[in-house]
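Enquirer: Keeping their order, the protein sequence lines are chains A and B.
Read in my numbering, the first sequence has 34 at position 34, and its numbers run on one by one without any break.
Read in my numbering, the second sequence has 384 at position 384, and its numbers run on one by one without any break.
Think of the hints as simulated: they come from the structure by calculation, not from any bench.
A couple of the hints might just be wrong.
What the hints assert, rightly or not - Ranges between beta-carbon positions, derived for each pair:
| # | chain 1 | residue 1 | chain 2 | residue 2 | range |
| --- | --- | --- | --- | --- | --- |
| 1 | A | T110 | B | M267 | 41 to 47 Å |
| 2 | B | A27 | A | Y112 | 46 to 52 Å |
| 3 | B | E230 | A | P108 | 38 to 44 Å |
Keep in mind it's a predicted model, so treat the numbers as computed, not measured.
Glycine included, each C-beta is placed from N, C-alpha and C at the ideal position.
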Amino acid sequence: MNAARSPAAGMAGSSPFDVWAHNLERAGRFAPNTPGVHEGKAGSAGAGAEVEFSLQLRSGRIIAVRYRFFGSPWINAACAFYAHALEGQLSTTPWPTGAEVARQLDYPRTRYDEALIVEDALMAALAPLREVSNE
Amino acid sequence: MASAPSPIYLDYAATTPVDPRVIQEMARFMGPDGLFANPSSVTHAPGRAARAAVEEARAEVAALVGAREREIYFTSGATESNNWAWRGLVAARRDRGRHLVTSRIEHASVLDTAQALEAEGFRVSYLPCDREGRVDPERVREALTPETLLCSVMHVNNETGVIQDIQAIGKLCRERGVPFHVDAVQSAGKLPIDLSTLPVDLMSFSAHKVYGPKGIGALYVRHDPTLVLEPLIHGGGQERGLRAGTLATHQIVGFGVAFRIAREEGMADAARIGRLRDALWARLSRLERIRLNGGGAPRACGHLSVSFGGVNGESLIFFLGDLAVAQGSACSSARGEPSHVLQAMGLTPGEAESTLRMTLGRFTTVEEVERAAECIAQAYARLSVLAPDAARRQAG
Chain A
1 MNAARSPAAG MAGSSPFDVW AHNLERAGRF APNTPGVHEG KAGSAGAGAE VEFSLQLRSG
61 RIIAVRYRFF GSPWINAACA FYAHALEGQL STTPWPTGAE VARQLDYPRT RYDEALIVED
121 ALMAALAPLR EVSNE
Chain B
1 MASAPSPIYL DYAATTPVDP RVIQEMARFM GPDGLFANPS SVTHAPGRAA RAAVEEARAE
61 VAALVGARER EIYFTSGATE SNNWAWRGLV AARRDRGRHL VTSRIEHASV LDTAQALEAE
121 GFRVSYLPCD REGRVDPERV REALTPETLL CSVMHVNNET GVIQDIQAIG KLCRERGVPF
181 HVDAVQSAGK LPIDLSTLPV DLMSFSAHKV YGPKGIGALY VRHDPTLVLE PLIHGGGQER
241 GLRAGTLATH QIVGFGVAFR IAREEGMADA ARIGRLRDAL WARLSRLERI RLNGGGAPRA
301 CGHLSVSFGG VNGESLIFFL GDLAVAQGSA CSSARGEPSH VLQAMGLTPG EAESTLRMTL
361 GRFTTVEEVE RAAECIAQAY ARLSVLAPDA ARRQAG
């Protein structure tokens with residue numbers, strides 16, 4: 001997976017974090033009854049961060065990603081980064097860990113946990129697919 | 001080509017711009033042709049001129065709050081004033097007891113000092129507030145003991161703008177013979193303060209919240225009857241031996257001018273700012289799932305603390321672009337923790353994190369208020385639809 005692909009052109013800010021935190025391109029949800037959508041979530045609003053990932057798959061490939069979030073710009077940055085990186089990939093492709101994303105986006109240490117919540121939501125959406133493919 | 005709109009500053013509770021009239025006067029005390037001499041160097045004319053300017057400024061500071069000049073001691077700012085009030089009094093009276101009283105909603109410079117004293121073996125009672133952010137004077141009465149060295153309650157809360165009943169609390173303290181300290185950083189220049197009648201023994205002030213420079217403040221210490229404080233900083237004997245350090249003439253002069261302007265124009269300013277604040281709230285109150293914190297209590301003119309259900313305040317600020325607002329106090333923002341003030345008022349950490357503090361001031365315009373309301377509404381709407389259903393349900 002080419003995790004370094006960047007949609008930086010025309011985005012606000014210049015640091016990796018700024019670019020991704022301003023990116024709401026894939027934020028939102030699929031239209032009702034969109035076929036092939038798999039969902040996963042992690043966190044809770046009461047605890048300060050909640051993320052829901054929706055992945056649309058066709059023939060084992062992730063063709064579109066949407067996510068919704070309650071949380072800080074650090075949450076959105078990780079969501080936007082993952083969503084961008086996953087589109088077009090096979091569902092079995094290894095994805096970067098939350099810590100790797102946090103490092104890549106220059107998160108301060110105190111913000112790493114937010115990238116991990118995003119990773120957890122993604123894992124929740126992808127894990128059942130991987131179990132099926134491993135059977 | 002049209003220029004980009006300038007940022008809208010709505011963080012006057014964190015700091016204010018220096019009034020141009022203050023800058024103009026301060027400049028006279030810095031350059032080689034100015035009155036730059038050390039005000040303690042009274043052996044020569046320039047030093048005496050600087051000293052006269054310092055005393056004139058002291059008179060202006062005292063005049064705004066109904067104090068006598070000799071009751072005003074210059075410090076580096078309100079943090080030092082709060083530290084000095086607590087530590088100076090404790091040092092002077094430690095043989096009388098080891099108990100202190102304050103509220104849970106004080107500024108960090110008070111709460112951290114209280115915690116430091118706890119670590120040194122003092123006992124501190126932290127008074128709660130109600131859902132509107134008010135400290136009940138009855139709770140003060142219950143907390144005071146014969147061992148109590150000091151009671152300290154802020155006048156106006158820096159996050160919500162809620163005004164505490166310092167008259168009633170001070171009266172209770174006076175009846176029990178307990179010195180009463182008030183952090184008046186957010187109230188000076190915005191509310192009438194008359195220390196000739198208020199039962200307050202120590203009061204902290206800052207210049208930079210009143211359109212003066214940063215780095216200068218004052219502590220009022222009642223002289224009749226004389227309240228004894230130990231110095232916090234030792235050295236050259238300035239400020240009648242109680243606060244050492246070369247007096248920063250230009251800062252002090254700026255402080256004096258800022259407080260003079262506040263005395264002459266502050267109440268008119270407050271009325272205008274209050275109208276703008278209410279206009280901003282009138283626009284924001286149309287949005288869904290929002291709450292005005294402290295809205296049921298008397299508040300100072302410029303404050304608006306609003307919780308936006310279902311969105312995170314940090315994200316909301318992030319997408320506000322050129323709108324300068326805060327999540328909590330500047331100090332709690334630096335710590336990255338949910339506001340202790342809002343949590344004391346009963347908000348959950350999540351609700352506290354969904355809150356913006358907007359504070360208006362002397363230079364806020366009607367156009368800025370309209371633009372700010374529009375920006376906030378747009379960003380809120382944008383983020384609201386992106387929140388998971390559960391988060392929105394939790395926000396009610």
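Enquirer: Next step is simple, just say for each hint if it's right about the structure.
Expert: The hints, checked one at a time:
no. : hint                          : verdict
1   : T110(A) - M267(B): 41 to 47 Å : holds (44 Å)
2   : A27(B) - Y112(A): 46 to 52 Å  : holds (48 Å)
3   : E230(B) - P108(A): 38 to 44 Å : holds (40 Å)
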